[in-house]
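Undergrad: One letter stands for each residue in the lines below.
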Amino acid sequence: MSPPSTDQPPAALRVEMTINSDPSSLAVVRGAVTRMAELGGLDETGVHNVTWAIDEALANVIKHGYEGRPDQPIHLTLEGIVGPDGRRGLAVTVRDRGKQVDPATICGRDLADVRPGGLGVHIMRTVMDEVEFSCPMEGGMLLRMVKYVQQGEARCPDRPEGTQP
Amino acid sequence: MTPSTSGVVKEIRQEPEATVVVLAGEVDLNQSPALHAALTEVAANRPRRLIVNLAEVPYMDSSGVGTLVELLRRVNTYKGHLALVGLNERVRGVFEITKLDKFFRIHATEQEAVQT
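In order, the protein sequences belong to chains A and B. Note that our numbering gives residue 108 to position 108 of the first sequence, counting from 1, and the numbers run on in steps of one. Counting the second sequence from 1 gives a position; our numbering is that position plus 1000.
Treat the hints as calculated values from the structure; they're not laboratory data. Keep in mind that the hints are not guaranteed to be accurate.
Stated by the list, open to error - Sample of chain A residues with no beta-carbon within 12 Å of chain B, all distances over it, derived:
#1 D55
#2 T77
#3 V82
#4 D85
#5 Q100
#6 C107
#7 E132
#8 C135
#9 P136
#10 E138
#11 Y148
Unchecked claim - Facing chain B, according to a computed beta carbon distance under 10 Å, are these residues of chain A, among others:
#12 T18
#13 I19
#14 N20
#15 P23
#16 R30
#17 A32
#18 T51
#19 L58
#20 A59
#21 I62
#22 K63
#23 G118
#24 L119
#25 I123
Note that CB positions come from ideal geometry on N, CA and C, so glycine has one too.
Start from the sequences, fold in the hints, and give me the full structure.
TA: What follows is the structure, given as structure tokens:
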């Protein structure tokens, strides 16, 4: 089977996974997300940023949404998309059944205040192109994030670096 | 009492000029509680100069950074010196994005950290 081409629409790229809210799951998710982001055509920095943002999002759900309970479900989806301007990207959703928080109150804290905590949302908003929190009627929180492939960034999945198309 | 090594804490050693804590592995929410406990134990001995070597840390999330911020606050309370060394580009990026690089002494190597 030939490797997927970057010219193909990325709509076929879709992964869903449900994990327990156990911090030991995070390393496994990072591995899967990294591969998915590579297949989505992001460059090395983009792959790192998507992986990092998802890791921070899951950590927030574990710490705040589920208040440290390790046996609660978190549903994660990753999907290749084409944005309104034709740019390719990777859309991520993180869905939990934990505590609801007014999305308007979810913001990064003042970075002049040197203290631990509250940095995850700031990181997500910095490294992703779109970050949107919502409160579904059924309870819990839904986070949607998008990272677009920057112009000239797309790489050829599964093709060793340095080889010609 | 000598603090114990576990999890991402690979080594704690006493050098003539500093106490050095060497971390190895990814520092995330799963590892941060044990790291926090180990660093709190180290800081309880009030080392005048404390160096945390991150050369073998390929990834750190905000919980790891938060743990180091807590350590910095503890060390500052007794007017000690904390330095971070060996940060790779990704780990350094966490400090830069959160603008915490202004508050930590960050050096390339342990040798450089003890010379300043």
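Undergrad: Hint by hint, say whether it matches the structure.
TA: Structure-based check of all given hints:
1. Some Cβ of chain B comes within 12 Å of the Cβ of A:D55; the nearest lies about 5 Å off, and the non-interface call is violated.
2. With a least CB separation of 21 Å from chain B, A:T77 remains clear of the 12 Å interface cut-off, as annotated.
3. With a closest Cβ-Cβ approach of about 28 Å to chain B, A:V82 is found to remain outside the 12 Å limit, as its non-interface label requires.
4. The non-interface label for A:D85 is consistent with chain B: the shortest C-beta to C-beta separation is roughly 26 Å, beyond 12 Å.
5. With a cut of 12 Å on Cβ distances, A:Q100 stays outside the contact zone with chain B, its closest approach being about 21 Å.
6. The non-interface label for A:C107 is consistent with chain B: the shortest C-beta to C-beta separation is roughly 14 Å, beyond 12 Å.
7. Annotated as non-interface, A:E132 keeps its C-beta farther than 12 Å from every C-beta of chain B; the closest such distance is 20 Å.
8. Its beta-carbon lying about 23 Å from the closest one in chain B, A:C135 satisfies the requirement of being farther than 12 Å from that chain.
9. No Cβ of chain B approaches the Cβ of A:P136 within 12 Å, the least distance being about 24 Å, so the stated non-interface status holds.
10. Look at A:E138: its CB is around 26 Å from the nearest CB on chain B, clear of 12 Å, so calling it non-interface holds up.
11. The non-interface label for A:Y148 is consistent with chain B: the shortest C-beta to C-beta separation is roughly 19 Å, beyond 12 Å.
12. The interface hint given for A:T18 is broken, as the beta carbon of that residue sits about 18 Å from the closest beta carbon of chain B, more than 10 Å.
13. The beta carbon of A:I19 comes no nearer than 12 Å to any beta carbon in chain B, farther than 10 Å, and the hint placing it at the interface is violated.
14. Of the supplied interface hints, the one on A:N20 is violated, with its beta-carbon coming no nearer than about 12 Å to a beta-carbon of chain B, more than 10 Å.
15. Proximity of A:P23 to chain B holds as hinted, the smallest CB-CB distance being about 4 Å (cut-off 10 Å).
16. At its closest, the beta carbon of A:R30 sits 8 Å from a beta carbon of chain B; the interface hint therefore holds under the 10 Å criterion.
17. With 10 Å as the threshold, the beta carbon of A:A32 stays out of range of chain B, its nearest partner Cβ sitting at about 15 Å, so the hint is violated.
18. Among the interface hints, the one on A:T51 holds; its C-beta lies about 9 Å from the nearest C-beta in chain B, closer than the 10 Å criterion.
19. Evaluation of the A:L58 hint against chain B yields a held restraint, the C-beta minimum of about 8 Å falling below 10 Å.
20. A cut of 10 Å between beta carbons decides the hint on A:A59: the least distance to chain B is about 4 Å, and the hint holds.
21. Satisfaction of the interface hint for A:I62 is found here, the shortest Cβ-Cβ separation to chain B being roughly 6 Å, below the 10 Å cut-off.
22. For the restraint placing A:K63 at the interface with chain B, the shortest Cβ-Cβ distance is roughly 7 Å, inside the 10 Å limit, so the hint holds.
23. This hint holds: A:G118 has a C-beta 8 Å from the nearest C-beta of chain B, less than the 10 Å allowed.
24. Look at A:L119: its Cβ gets to within about 4 Å of chain B, closer than 10 Å, so that hint holds up.
25. Interface hint at A:I123: satisfied, since its Cβ lies 6 Å from the closest Cβ of chain B, which is below the 10 Å cut-off.
Checked against the numbered hints listed earlier, the structure breaks hints 1, 12, 13, 14, 17; every other hint is satisfied.
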